[in-house]
Amino acid sequence: MNQLKSIIVLLLFVSFLFGNCRPVDDNDPLSDNLVYFLLLNAIANGREENCFFSPNGSGDALYNDQWHLRNIGQLGGTVGEDANVNSIWNQGTSGNQVIVSVVDDGLDIRHEDLSANISVTARGLNLLNSTIYPTHSYSTSFHGTAVGGVIAARGNNGVGVRGAAPCSKLVGVNILEKSTIYSSDEYRAMINEAARVSISNNSWGSPDGYGWLWPASSLWQQGVREGLLTGKAGKGSVYVWAAGNGANGGTVASPVLVDNANYDGQANFYGVMAIGGIGQDGKKASYSESGANLWAVAHTQGNNATAYTTAISTTDATGSFGLNTGASSGDYSQASYTKKFNGTSSATPLAAGVIALLLSQYPNLSWRDVRELVAYSARKNDPTDTDWSTNGAGLNINHKYGFGAVDATSLLSRASTWTPITANSSSITLTALTPNTPIPDNDLVTGATVNYPVSTGFSYTEYVDLEFTSNHTYFPELYILVISPSGTISFLAEPHGCVNPYSNTFCSTGNTSIATMTGSSTYRFGLARNLGENPNGTWIIRVYDASATDTGSINSVQLRIYGR
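So the mapping is simple: our numbering equals the position in the sequence shown, first residue as 1, plus 384.
Everything labelled a hint here was simulated from the structure, so no lab data went into it.
All figures in this text were calculated on a predicted structure; none of them were measured in a lab.
Be aware that a few hints might be false.
As the list claims (entries may be wrong) - Cross-link-like lysine to aspartate or glutamate pairs, in silico, EDC-like; alpha carbons within 20 Å at most:
1. K619 to E756
2. K724 to D449
3. K724 to D665
4. K619 to E577
Take the sequences, apply the hints, and build the full model.
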């Protein structure tokens, strides 16, 4: 083994000398080749350092702007409306030995605030150039570096910002710089170094603002399933996914309700936690997508009318690359940082960072333990919102917020008394019903109803899939809801605006069916809101038609119950 390491180091040193003859940028503390040489040398020797972090140490120059970590009203927000990480840091928990995969448009491994927290035991993956170096290739790319900073910018190093888990480690997967992303790329991104990866952060997904149904590829699904089975040394990698920014339009002009997180076949997949966004007042960011599949919310730029005043401060691609080119109006003078990061793209890594704190303190938790702990510990934010209700297991639920806001102190407190889940992960696919029930046209009173009797060996629901088939000629005018045997109501689809992403024209009545939008007349919705309920009894599926002219039927419905 030592001989192999020596050969690897020798080959890398030759590559370092002759692999790239471009002049070194005098502004870079290390050249690309030297960084890669040192990184691969560390990989060859298999060392992952321990990081020692004190929240009251030497400081981080821009930390006071990071209201999402410590909100004292410095930008006019609600005091205490943050991820509640400080008490956890004070207990000595900061993310040590937790590796987080940043699946994005690259990750700047040279960045002064990230380089110390780049994993040296997990190899990166660049699907653009087929190397293990995930750093951005394009000067306009920055997204993955901003994500990485929210998770794991190094704390107390005297520069920049800090992450929610400032001692956790990052491994980058560059998938988004590819002009054409194949399902095989998605598969590789989900399983890269899965055995070492505790958390896979995915601040990407289907395009926003179209009101379109986007199914997930079977290869992507296979990758997630493999990660759940083999990730984190058999405990399962935790997949967090951005819920999406299309709720308030985008391609379709606001204020037409457009996207729901359940229209994204990745964000609504079993094994994935969809994360929405709330602002510094604890209320839903207008763009953040709601959905019955939503697991939780975390902080990001909210609804302040002044652009970027409440966005997230984080790392930006080094130098003139990235979002902040050094001449950006209203941004930092240090071009390697930005205070303009926002969207569910920044909420998701905040949740990932909090989960990294959990796993550094309780490394033996499985992915199923983690997601249920997040649900049971979530804080009921925006408590006066009228959509809050309680499911049959006593959990707070809200289509805008899932189970509530991710809260580090509550999460680790709950974990201290948690009984690990020992029952095997199981699912049952029930017999499909084919009622062919007509959906009354332009009727929001009667609708079409399907009663679905369920009898399983489960007494505890972990997740529910509903496969829905309809020949209705204009899907965007349908309300679809499900009522569980416990009485929990979940809205799966609502009437909304729609644009054909392939022609970039408004969907016209009479030509937008599920088959047109997905390539199949069947679409799968996800339901998180039934966590903990007994699934046995009669489920009720109701469908209403909100406009005249277009008609169709409920052709079939099929439930798949995950539980124990």
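Tested hints:
1. K619 to E756: Judged against 20 Å, a Cα distance of about 14 Å means the pair holds.
2. K724 to D449: 11 Å, holds
3. K724 to D665: 18 Å, holds
4. K619 to E577: 14 Å, holds
Going through the hint list in order, the structure satisfies each hint without exception.
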